[in-house]
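Sequence order for the protein chains is A and B.
At position 264 of the first sequence (counting the first as 1) the number is 264 in the working numbering, and the numbers step up by one without a gap.
At position 432 of the second sequence (counting the first as 1) the number is 432 in the working numbering, and the numbers step up by one without a gap.
Be aware that one or more of the hints could be misleading.
Okay, derived cross-link-like pairs now, DSS-like style, lysine-lysine, Cα gap no bigger than 27 Å in a straight line [to be verified]:
1. B:K506 - B:K483
2. B:K128 - A:K172
3. B:K129 - B:K27
4. B:K141 - B:K124
5. A:K280 - B:K523
6. B:K523 - A:K112
Just so you know, these hints were derived from the structure itself, not from any lab.
This is what each chain is made of:
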Amino acid sequence: MEKEQKEFYEKLESKGVSRRAFMKYCTFVTTTLGLSSSFVPKVAEVFAAPKKRPPVVWLHFGECTGCSEAMLRSTYPYPDDLVLEILSVEYHETIMAAAGQQAEDNLHAAVKKYKDKFVCVVEGAIATKDNGIYGRIGGRTFLEIAREVVPKAAAVIAIGNCATFGGIQAAKPNPGGYKGVSDAVGVQPVNLPGCPYNPINLVGTVVNYILMGKVPALDAYGRPLFAYGKTIHDQCPRRSHFELGEFVTEFGSEEAALGYCLYEMGCKGPETYNNCPVAKYNDGTNWPVEAGHPCIGCSEPGFWDNMTPFFEPL
Amino acid sequence: MGKRIIVDPITRIEGHLRIEVEVEGGKVKNAWSSANMFRGIELILQGRDPRDAPLFTQRSCGVCTYVHYLSSVRAVEAAIGVRIPDNARLIRNLLHGAQFQHDHIVHFYHLHALDWVDIVSALKADPKKTATLSENSNNGKWGGSAYFKGVQERLQTFVDSGQLGPINNAYWGHSAYKLPPEGNLMASAHYIEALRLQSRTARMHALFGAKNPHLQSLVAGGVTCVRSLTADKLAEFLHLWKETQAFIENVYIPDLLTVASFYKDWGAIGGATNFLCWGDLPQSEKEPEDLFLPRGWIANRDFQNVQMPDQEKVTEHVVHAWYEDGSPKHPYQGETKPRPGDYETGGDKSTWKFGKPQTGKYSWFKAPRYDGESCEVGPLARVLVGYGLGKKEFKDVVDSTLKKLDIPAAALFSTLGRTAARGLETMVIGSAMEGWITELVENVKNGDTKTYEPWEMPDKGMGHGLNDVARGALGHWIEIEDKKIKNYQMVVPSTWNLGPRCEGGKLGPVEEALIGTPIADPKRPLEILRTVHSFDPCIACGVHVIDPDSNQVYDIKVL
Chain A
1 MEKEQKEFYE
11 KLESKGVSRR
21 AFMKYCTFVT
31 TTLGLSSSFV
41 PKVAEVFAAP
51 KKRPPVVWLH
61 FGECTGCSEA
71 MLRSTYPYPD
81 DLVLEILSVE
91 YHETIMAAAG
101 QQAEDNLHAA
111 VKKYKDKFVC
121 VVEGAIATKD
131 NGIYGRIGGR
141 TFLEIAREVV
151 PKAAAVIAIG
161 NCATFGGIQA
171 AKPNPGGYKG
181 VSDAVGVQPV
191 NLPGCPYNPI
201 NLVGTVVNYI
211 LMGKVPALDA
221 YGRPLFAYGK
231 TIHDQCPRRS
241 HFELGEFVTE
251 FGSEEAALGY
261 CLYEMGCKGP
271 ETYNNCPVAK
281 YNDGTNWPVE
291 AGHPCIGCSE
301 PGFWDNMTPF
311 FEPL
Chain B
1 MGKRIIVDPI
11 TRIEGHLRIE
21 VEVEGGKVKN
31 AWSSANMFRG
41 IELILQGRDP
51 RDAPLFTQRS
61 CGVCTYVHYL
71 SSVRAVEAAI
81 GVRIPDNARL
91 IRNLLHGAQF
101 QHDHIVHFYH
111 LHALDWVDIV
121 SALKADPKKT
131 ATLSENSNNG
141 KWGGSAYFKG
151 VQERLQTFVD
161 SGQLGPINNA
171 YWGHSAYKLP
181 PEGNLMASAH
191 YIEALRLQSR
201 TARMHALFGA
211 KNPHLQSLVA
221 GGVTCVRSLT
231 ADKLAEFLHL
241 WKETQAFIEN
251 VYIPDLLTVA
261 SFYKDWGAIG
271 GATNFLCWGD
281 LPQSEKEPED
291 LFLPRGWIAN
301 RDFQNVQMPD
311 QEKVTEHVVH
321 AWYEDGSPKH
331 PYQGETKPRP
341 GDYETGGDKS
351 TWKFGKPQTG
361 KYSWFKAPRY
371 DGESCEVGPL
381 ARVLVGYGLG
391 KKEFKDVVDS
401 TLKKLDIPAA
411 ALFSTLGRTA
421 ARGLETMVIG
431 SAMEGWITEL
441 VENVKNGDTK
451 TYEPWEMPDK
461 GMGHGLNDVA
471 RGALGHWIEI
481 EDKKIKNYQM
491 VVPSTWNLGP
501 RCEGGKLGPV
511 EEALIGTPIA
521 DPKRPLEILR
531 TVHSFDPCIA
541 CGVHVIDPDS
551 NQVYDIKVL
């Protein structure tokens, strides 16, 4: 183990990632997961490249590819580590070299070879109206593909508000009859909503699975409690302004410059469960409230209907 | 009749696209482009609060994130009649500039490169010779034999694992791949570098836009990120910009030129005829005069004669799209009577075809036309317009590139020209960003931190936002009534480029560009991917406005 660890750190350093930076990241993941610091070395072990990389089939349905893009913004592990050393991405339309018939062949071969062993990541909602004619790949509807592939996976992870709850195309009047995975196929995935979801929470879910050997504890909507257990409001750095009644009532105002509470501007933080204020986005750079914009509630079911108008207070 | 080839799915794009071609005598004789998905975002917008439109429409696409957000907020601002402060203009330009840098780097390396670069051949390369090639390309720190040896070993380990993942079953070893192993190794190494760099480039968006993808700091009237105008945030932005621009100048452009030098024959394949730009990146309130990317229309490849386009000459045709037949209409008068697609599914794939491709319907995309003509939009259109107008920033880089590659200006009208133009404009736009950062810093230094102009929602209003974004000309049109959205329309780059035939039977740009493409092996149509990917297709945002329930006709007045 010691030798392997040494090799692992050498490999990291050869790629310009210091041991310190790596441990910092593992601490970050551990904290995100709500684990004690004694877990940090174990989390580090999870990232030490496995010999047999777990196969992943990544399906795209009715979506904007923003969740794939979010994954590509991951910095520890970098996307090239994910693809070359950590996972075996068997099918992912946005990055795969093969196209057409050869791409379809890859999907079928992977599902057959790794039946009950692959992780299925689903991005996007599934059109169900008129037998799902509003979305097709290789001549087959999203619905046909989902019904065939999803039940054969060892674990299903739905990412983004589309795959979890139907997302924007399911907003009223939902012209294509779009639904999330559990509603369309009847299989309950681990749901990681958000628009887009935060990739740190996918990493957290996978680490949890490998460390504990099981899916993390979920809430009633299938969301892991480590990420979606508290409201934005309860974790918000502007919370004290709310308590003191210090509110922004116009963008660009003195109150906005002072960083007062955005409740009056329509912030949906009090009714939204997610870890944005702690995890932030793009390597912990920023998140909406810090950029002066109210939360729009993007990790909640039906937020495009239930949380709008976005700029009216709750 | 020639042999039919269908490529579905076209991978390494956003969204779901199907391309069908007919091949005769080793060349494409006919082509059909089909968008395979419909989501209906414009319909969903009806009756909602106009302030919410930018957040909704941004979800049209997560690859070209930000751009619909920008176009939409500009359309709303035009309808309510508010002028944004100078700092808001600068921040929006900087976010847009960062989007161009990010989007084009990712397109070249991750969505397009593997059409030209054989990753498997890279395993046979000599790292020392690769280092020499790289030095000759002035790659600076992104080279050296130890570096290339390391990358090669990493790829070898990956291949030896037997788990080939994303590189499995592609067209490796195809006779149309022309790079020597060393060229393939150099480009493969930089594919990995670019994968890392892009996550840092995207942090520019997070600094002033909260997050990427799907920024959250624009509002009608300006931007919300007044607290980001601090020395540390501005310095961090500048640092990330420098890092990205250095990569563009030292890696992207040299790689582009090296790869292009092996594929000069593609300077005669894949061209279109007419070109349209709305222009973008306002240098002041004066539009279109002061747009850094100029507005212009080029007919019949006559780039010496750039004309000023008028949005009123835009029409959308539906005779070959999955809608009931109707006459061509301006977006403001658009009728939408959907007739869902009926191409066969299942069974023997070799028998698949669109209903009746010559006269039938085969796409969820409508066919936009300018003055009745199909127009290519995007990097090549912008570079041609800038070049044709004699704008120095474009003229210098185009002339020096033509000279370096020893090709005539006519070679720009091609797949090679399109891919080269994308790289060149990345460099040009990236350079311009430095000026906007400096202006923003000066304003803040002088105590000007105004980022928002207050306004009131009118009962009624109409407006449009015309932009030029990574993939090309983008327009949003909004009509407000009773303080609600009455109608909303988007005419987006990928419908211009990848739309079907129009009423007159004229092909869409990608269909036209595919004709004449040589196909060495119909079972492995690598050459098709080259031309299709050179347009950087993005399908999710292109399909919209449809009401299958009521077959409602949208009556909208012309401005």
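* Asked: Which numbered hints does this structure break?
  -> When the structure is compared with the hints, numbers 1, 2, 3 and 5 turn out to be violated.
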